[in-house]
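Participant: From just these sequences and the hints, can you work out the full model?
Number of protein chains: 2
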Amino acid sequence: MHENLIAYINQHTTSPLTIEEEALIVATFQPKKLRKKQYFLQEGDVCKYVGFIIKGAMRQYSVDDKGIEHIVQLYIENYWASDRESAVMLTPSRYNIDAWEDTELLVATVADMLGLIEKLPSFGQMTRLMDQRSFIVSQRRLNSTISNTAEKRYEEFAAFHPQFIQRFPQHLIASFLGITKETLSRIRKQASK
Amino acid sequence: MHENLIAYINQHTTSPLTIEEEALIVATFQPKKLRKKQYFLQEGDVCKYVGFIIKGAMRQYSVDDKGIEHIVQLYIENYWASDRESAVMLTPSRYNIDAWEDTELLVATVADMLGLIEKLPSFGQMTRLMDQRSFIVSQRRLNSTISNTAEKRYEEFAAFHPQFIQRFPQHLIASFLGITKETLSRIRKQASK
DNA sequence: CAAAAGCGTTGATAAATATCAACGCTTTTT
DNA sequence: AAAAAGCGTTGATATTTATCAACGCTTTTG
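As they're listed, the protein sequences go chains G and L.
The numbers in the numbering used here rise by one with no breaks, and the one at position 14 of the first sequence is 14.
The numbers in the numbering used here rise by one with no breaks, and the one at position 27 of the second sequence is 27.
You can trust all of the hints, since none of them are fake.
In silico EDC-like cross-links for lysine to aspartate or glutamate, where the CA-CA straight-line distance does not exceed 20 Å:
1. G:119 / L:118
2. L:66 / G:156
3. G:66 / L:155
It is worth saying that the hints were derived from the structure and are not from the lab.
Facilitator: Written as C-alpha cells, this is what we have:
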C-alpha cells in the first residue's frame, strides 16, 4: 500500500529515505477509500487533509451562481489531492474535491505534513518540488488560456496530457479548458477532418 | 538598500534573521538598476537570476506567432521577478521579463538562492511560502478565467489589485486578463454607467 | 428488466469578444 | 519646437463561443 508513496518520495529527492524514515511515513499516512462521487473536500470547509492517490481519479472544481461546475484540477495516480489555498491560508475552501472513480488514497492531516517537513529533509525537499511544479503547471495553463483559442488549447492539452483524455469524459475536459462541452465537441469534429 | 529585503524576509518567517544571517543576505544580493524597457530575462534564455524589487515595476509576458504580447505576471515593489519554470527546470524560457518603469532590484543567482535555502532556515521557510502563494494566486486567477466573463474578471481584479490598476496602463491590464484593450475599454464604459 | 441518468453530438440562434481602422490627446524623443 | 510614439476610445464588422433544445446511444440504478 505505502510502497507507491515511498517510491514517489525517493524519486523526488536527492537522498532516499532511511528505514526509520519510511516507518514514520507509513505511520503517518492512513489508507482511505472513496467511492465514486464521494467528497474528499466540500466548499466552505477548511482543508485539513492531503491525499496521495494510489489508485483512482478525482477532480477539484468550483460551482458558480448558475450551478455550473468549473474544473480547476484533475487528479490521477501519484497526484496529491488537496486545496492548497485553504490548507495554507486556513480559509474556507471555494472548491469541492470528489472521487470521479472509486479511489484509494493515503491521507495525512495538514498538520502531520508540516511535521514531516520539519523532521524529514527528504520530505521537505519533495514537497518544495511539488509546490514549485504546481505553480509551473498552473502558470503554463494560464498562459495558454490567455494566449490561445479554444482549439489550440485543446490540442496542447491532448498532446501533453493524453492520460487525462483517456480517463475523463469530454465534458470534464471541456470544463477544465474553460469551454462548453458543445464547443469541444465541434472543435474535435473540425480537427478530425 | 537591503533593509527592505531583510524586513520582507523577517515578515515571512517565524524566527527573524540573526546579524550573521543578515550579513550573508547582504553579501549575496547585488543591487542592480534597470532602465525602462530593459530586459531582465529574454525568451529562449535559461533564467539564472532572481530579482527582488526595491523600487519600480516590471512585467513578464510571452509573444505569440502574431507578435502579440500576453502578460502572465506584473511585478511591483516587494515582488520577486523571475521565471520559475525556467529556473527550476533549467529549460529555455518562453517568457520575457522587462522593466516597465525604471527599476531597482536586488539580484541573486538561482544557485545562490539554493545555497541560502540550505544555510538559512528562515530563508527556506520564506521561499516555501512564496512558492505556495504563487500557486494559490495562479490557481485563483485560473479559476476566475475559466469561470467568469471578462467583465466579472476585471471587477475582481480591480477590487483585489488596485495597486496594479494605478500603476500599469489599461492595455497591459487587458492583456493580463486575456482580453483586448478595446474590449476592456468598453467594459469600463459600461461599468461606469 | 425497465427506467433513469450520463454522455456526446448536432442544429438554430444569441451573446461575447476580436479585429480593423480612425481619431484626439498626452508623453517622449529628436 | 516639431515629430513620433504611446494610450485610450469609438464605430463597423467578423469571428468565436455560449445557450437552448433535441436526439440516439450507453451505462447505471432501482
